[in-house]
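Novice: Its first residue numbered 4, the sequence shown is counted upward by one per residue in the working numbering.
Bear in mind the hints are in silico, worked out from the structure with no lab data behind them.
Some hints could be false.
To be verified - Result set (DSSO-like, lysine-lysine): computed pairs, CA atoms no more than 27 Å apart in a straight line:
hint, residue 1, residue 2
1, LYS116, LYS41
2, LYS84, LYS125
3, LYS137, LYS80
4, LYS10, LYS41
5, LYS125, LYS28
6, LYS137, LYS125
7, LYS119, LYS28
8, LYS186, LYS116
9, LYS125, LYS10
10, LYS84, LYS155
11, LYS116, LYS155
Stated by the list, open to error - Distance ranges between label pairs, derived from CB positions:
hint, residue 1, residue 2, range
12, THR163, PRO8, 45 to 53 Å
13, ASP47, ALA144, 34 to 42 Å
14, ALA99, ALA37, 17 to 25 Å
Glycine residues also receive a C-beta, built at the ideal position from the N, C-alpha and C atoms.
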Amino acid sequence: NTTIPTKKSQTFSTAADNQTQVGIKVLQGEREMAADNKTLGNFDLMGIPPAPRGVPQIEVTFDIDANGIVNVSAKDKATGKEQQITIQSSGGLSDAQVEQMVREAEAHADADKTRKELIEAKNEADTLLYSADKNISEHQANLPAEVVDAIKAAQVDLRTAVESEDLEQVREKINGLQQAVMKIGEALNKGAGAGAGAGAGA
(Lines of atoms letter the chains of each structure in order from A and count residues from 1; the text may use other names and numbers.)
(Lines give C-alpha, C1' and ligand atoms only; values in the text may rest on other atoms or scores of the structure.)
Protein backbone atom coordinates (compact mmCIF):
# COMPACT_ATOMS: atom_id res chain seq x y z
CA ASN A 1 0.00 0.00 0.00
CA THR A 2 2.99 2.31 -0.41
CA THR A 3 2.20 5.42 -2.45
CA ILE A 4 4.16 5.94 -5.66
CA PRO A 5 6.60 7.15 -6.76
CA THR A 6 8.79 5.42 -4.17
CA LYS A 7 12.31 4.05 -3.80
CA LYS A 8 13.59 1.50 -1.29
CA SER A 9 16.90 -0.29 -0.83
CA GLN A 10 17.96 -3.33 1.17
CA THR A 11 21.34 -5.01 1.54
CA PHE A 12 21.79 -8.77 1.07
CA SER A 13 24.78 -11.10 0.93
CA THR A 14 25.88 -14.45 -0.45
CA ALA A 15 24.76 -17.85 0.82
CA ALA A 16 27.90 -19.85 -0.05
CA ASP A 17 31.66 -19.40 0.15
CA ASN A 18 33.29 -18.00 -3.01
CA GLN A 19 29.91 -17.26 -4.61
CA THR A 20 30.56 -14.99 -7.61
CA GLN A 21 26.99 -14.27 -8.72
CA VAL A 22 23.56 -13.78 -7.19
CA GLY A 23 20.14 -14.17 -8.78
CA ILE A 24 17.54 -11.46 -8.24
CA LYS A 25 13.85 -12.31 -8.70
CA VAL A 26 11.23 -9.57 -8.86
CA LEU A 27 7.86 -10.71 -7.53
CA GLN A 28 4.39 -9.27 -7.11
CA GLY A 29 1.94 -10.54 -4.54
CA GLU A 30 0.93 -10.65 -0.90
CA ARG A 31 2.08 -14.14 0.14
CA GLU A 32 5.02 -14.82 2.47
CA MET A 33 6.59 -17.44 0.18
CA ALA A 34 8.13 -16.40 -3.14
CA ALA A 35 6.66 -19.41 -4.95
CA ASP A 36 3.13 -18.25 -4.14
CA ASN A 37 3.58 -14.88 -5.87
CA LYS A 38 3.80 -13.80 -9.51
CA THR A 39 7.28 -13.48 -11.05
CA LEU A 40 7.66 -10.20 -12.94
CA GLY A 41 11.27 -10.69 -13.98
CA ASN A 42 14.71 -11.87 -12.91
CA PHE A 43 18.37 -11.15 -13.55
CA ASP A 44 21.84 -12.09 -12.30
CA LEU A 45 24.56 -9.90 -10.81
CA MET A 46 27.87 -11.50 -11.78
CA GLY A 47 31.52 -10.77 -11.09
CA ILE A 48 31.33 -10.70 -7.29
CA PRO A 49 34.86 -11.22 -5.88
CA PRO A 50 35.16 -14.63 -4.14
CA ALA A 51 34.77 -14.28 -0.38
CA PRO A 52 33.40 -16.19 2.62
CA ARG A 53 29.64 -16.32 2.62
CA GLY A 54 27.94 -13.39 4.28
CA VAL A 55 30.84 -11.01 3.53
CA PRO A 56 29.82 -9.44 0.17
CA GLN A 57 27.35 -6.56 0.44
CA ILE A 58 24.77 -6.52 -2.37
CA GLU A 59 22.46 -3.51 -2.34
CA VAL A 60 19.13 -4.17 -4.08
CA THR A 61 17.05 -1.10 -4.92
CA PHE A 62 13.41 -0.94 -6.04
CA ASP A 63 12.48 2.33 -7.74
CA ILE A 64 8.82 2.69 -8.78
CA ASP A 65 7.83 5.79 -10.72
CA ALA A 66 4.46 7.54 -10.93
CA ASN A 67 3.47 5.42 -13.94
CA GLY A 68 4.06 2.17 -12.05
CA ILE A 69 7.24 1.34 -13.98
CA VAL A 70 9.60 -0.64 -11.74
CA ASN A 71 13.38 -0.33 -11.97
CA VAL A 72 15.22 -2.93 -9.91
CA SER A 73 19.00 -2.77 -9.52
CA ALA A 74 21.57 -4.88 -7.68
CA LYS A 75 24.98 -3.39 -6.87
CA ASP A 76 28.06 -5.00 -5.32
CA LYS A 77 29.29 -2.37 -2.87
CA ALA A 78 32.90 -3.61 -3.04
CA THR A 79 33.36 -3.35 -6.82
CA GLY A 80 30.55 -1.00 -7.84
CA LYS A 81 29.36 -3.57 -10.40
CA GLU A 82 25.67 -3.16 -11.07
CA GLN A 83 22.89 -4.90 -13.00
CA GLN A 84 19.29 -3.85 -13.38
CA ILE A 85 15.93 -4.65 -14.93
CA THR A 86 12.97 -2.46 -15.89
CA ILE A 87 9.43 -3.80 -15.65
CA GLN A 88 6.61 -1.96 -17.39
CA SER A 89 3.40 -1.46 -15.43
CA SER A 90 1.48 -3.47 -18.05
CA GLY A 91 3.40 -6.56 -16.97
CA GLY A 92 1.85 -6.48 -13.52
CA LEU A 93 -1.52 -7.48 -12.14
CA SER A 94 -4.97 -6.00 -12.64
CA ASP A 95 -6.87 -4.56 -9.67
CA ALA A 96 -9.06 -7.68 -9.61
CA GLN A 97 -5.99 -9.94 -9.52
CA VAL A 98 -4.48 -7.88 -6.71
CA GLU A 99 -7.71 -8.17 -4.71
CA GLN A 100 -7.73 -11.92 -5.30
CA MET A 101 -4.12 -12.18 -4.09
CA VAL A 102 -4.97 -10.20 -0.95
CA ARG A 103 -7.88 -12.56 -0.22
CA GLU A 104 -5.65 -15.60 -0.76
CA ALA A 105 -2.98 -14.12 1.51
CA GLU A 106 -5.54 -13.59 4.26
CA ALA A 107 -6.89 -17.12 3.86
CA HIS A 108 -3.40 -18.66 4.05
CA ALA A 109 -1.95 -16.24 6.64
CA ASP A 110 -1.49 -18.80 9.44
CA ALA A 111 -0.02 -21.51 7.20
CA ASP A 112 2.27 -19.00 5.48
CA LYS A 113 3.46 -17.69 8.86
CA THR A 114 4.37 -21.22 9.98
CA ARG A 115 6.21 -21.93 6.72
CA LYS A 116 8.10 -18.66 7.01
CA GLU A 117 9.11 -19.37 10.61
CA LEU A 118 10.36 -22.84 9.63
CA ILE A 119 12.42 -21.45 6.75
CA GLU A 120 13.89 -18.75 8.99
CA ALA A 121 14.76 -21.36 11.63
CA LYS A 122 16.38 -23.58 8.99
CA ASN A 123 18.41 -20.61 7.74
CA GLU A 124 19.50 -19.85 11.30
CA ALA A 125 20.45 -23.51 11.73
CA ASP A 126 22.48 -23.46 8.52
CA THR A 127 24.37 -20.34 9.64
CA LEU A 128 25.03 -21.84 13.08
CA LEU A 129 26.28 -25.13 11.60
CA TYR A 130 28.65 -23.20 9.33
CA SER A 131 29.89 -21.06 12.23
CA ALA A 132 30.43 -24.13 14.42
CA ASP A 133 32.52 -25.81 11.70
CA LYS A 134 34.59 -22.65 11.35
CA ASN A 135 35.17 -22.37 15.10
CA ILE A 136 36.25 -26.01 15.37
CA SER A 137 38.63 -25.57 12.44
CA GLU A 138 40.21 -22.47 14.00
CA HIS A 139 40.48 -23.65 17.61
CA GLN A 140 40.51 -27.46 17.61
CA ALA A 141 44.19 -27.67 18.60
CA ASN A 142 43.40 -25.80 21.83
CA LEU A 143 40.13 -27.53 22.69
CA PRO A 144 39.50 -30.59 24.86
CA ALA A 145 38.24 -33.55 22.84
CA GLU A 146 34.99 -33.65 24.81
CA VAL A 147 34.13 -30.08 23.74
CA VAL A 148 34.70 -30.89 20.07
CA ASP A 149 32.76 -34.16 20.37
CA ALA A 150 29.83 -32.39 22.05
CA ILE A 151 29.67 -29.80 19.27
CA LYS A 152 29.78 -32.44 16.55
CA ALA A 153 27.04 -34.44 18.28
CA ALA A 154 24.90 -31.29 18.56
CA GLN A 155 25.49 -30.63 14.86
CA VAL A 156 24.22 -34.10 13.96
CA ASP A 157 21.13 -33.53 16.12
CA LEU A 158 20.45 -30.19 14.45
CA ARG A 159 20.85 -31.56 10.93
CA THR A 160 18.41 -34.36 11.79
CA ALA A 161 15.93 -31.81 13.16
CA VAL A 162 16.20 -29.69 10.00
CA GLU A 163 15.40 -32.73 7.87
CA SER A 164 12.36 -33.49 10.05
CA GLU A 165 10.76 -30.11 9.14
CA ASP A 166 9.60 -29.86 12.78
CA LEU A 167 9.89 -26.21 13.83
CA GLU A 168 10.02 -26.85 17.58
CA GLN A 169 12.66 -29.56 17.13
CA VAL A 170 14.78 -27.24 14.99
CA ARG A 171 14.56 -24.47 17.60
CA GLU A 172 15.42 -26.89 20.41
CA LYS A 173 18.46 -28.28 18.58
CA ILE A 174 19.61 -24.77 17.61
CA ASN A 175 19.68 -23.96 21.31
CA GLY A 176 21.55 -27.21 21.98
CA LEU A 177 24.27 -26.37 19.45
CA GLN A 178 24.52 -22.80 20.73
CA GLN A 179 25.14 -24.12 24.24
CA ALA A 180 27.78 -26.56 22.95
CA VAL A 181 29.58 -23.85 20.95
CA MET A 182 29.70 -21.58 24.02
CA LYS A 183 32.02 -24.17 25.59
CA ILE A 184 34.69 -23.09 23.09
CA GLY A 185 35.06 -19.70 24.74
CA GLU A 186 35.01 -21.24 28.20
CA ALA A 187 37.73 -23.75 27.25
CA LEU A 188 39.94 -21.13 25.58
CA ASN A 189 39.62 -18.74 28.52
CA LYS A 190 40.39 -21.54 30.96
CA GLY A 191 43.45 -22.47 28.90
CA ALA A 192 44.63 -18.87 28.76
CA GLY A 193 44.19 -18.53 32.52
CA ALA A 194 46.14 -21.71 33.17
CA GLY A 195 48.95 -20.50 30.91
CA ALA A 196 49.12 -17.15 32.69
CA GLY A 197 49.17 -18.88 36.06
CA ALA A 198 51.99 -21.16 34.99
CA GLY A 199 53.95 -18.17 33.71
CA ALA A 200 53.47 -16.27 36.98
CA GLY A 201 54.51 -19.32 39.00
CA ALA A 202 57.67 -19.73 36.97
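Novice: Hint by hint, note whether the structure agrees.
Specialist: Each hint tested on the structure:
{"no.": "1", "hint": "LYS116 to LYS41", "verdict": "holds (19 Å)"}
{"no.": "2", "hint": "LYS84 to LYS125", "verdict": "violated (31 Å)"}
{"no.": "3", "hint": "LYS137 to LYS80", "verdict": "holds (25 Å)"}
{"no.": "4", "hint": "LYS10 to LYS41", "verdict": "holds (21 Å)"}
{"no.": "5", "hint": "LYS125 to LYS28", "verdict": "holds (21 Å)"}
{"no.": "6", "hint": "LYS137 to LYS125", "verdict": "holds (18 Å)"}
{"no.": "7", "hint": "LYS119 to LYS28", "verdict": "holds (18 Å)"}
{"no.": "8", "hint": "LYS186 to LYS116", "verdict": "violated (34 Å)"}
{"no.": "9", "hint": "LYS125 to LYS10", "verdict": "violated (31 Å)"}
{"no.": "10", "hint": "LYS84 to LYS155", "verdict": "violated (39 Å)"}
{"no.": "11", "hint": "LYS116 to LYS155", "verdict": "violated (31 Å)"}
{"no.": "12", "hint": "THR163 to PRO8: 45 to 53 Å", "verdict": "holds (49 Å)"}
{"no.": "13", "hint": "ASP47 to ALA144: 34 to 42 Å", "verdict": "holds (41 Å)"}
{"no.": "14", "hint": "ALA99 to ALA37: 17 to 25 Å", "verdict": "holds (22 Å)"}
Checked against the numbered hints listed earlier, the structure breaks hints 2, 8, 9, 10 and 11; every other hint is satisfied.
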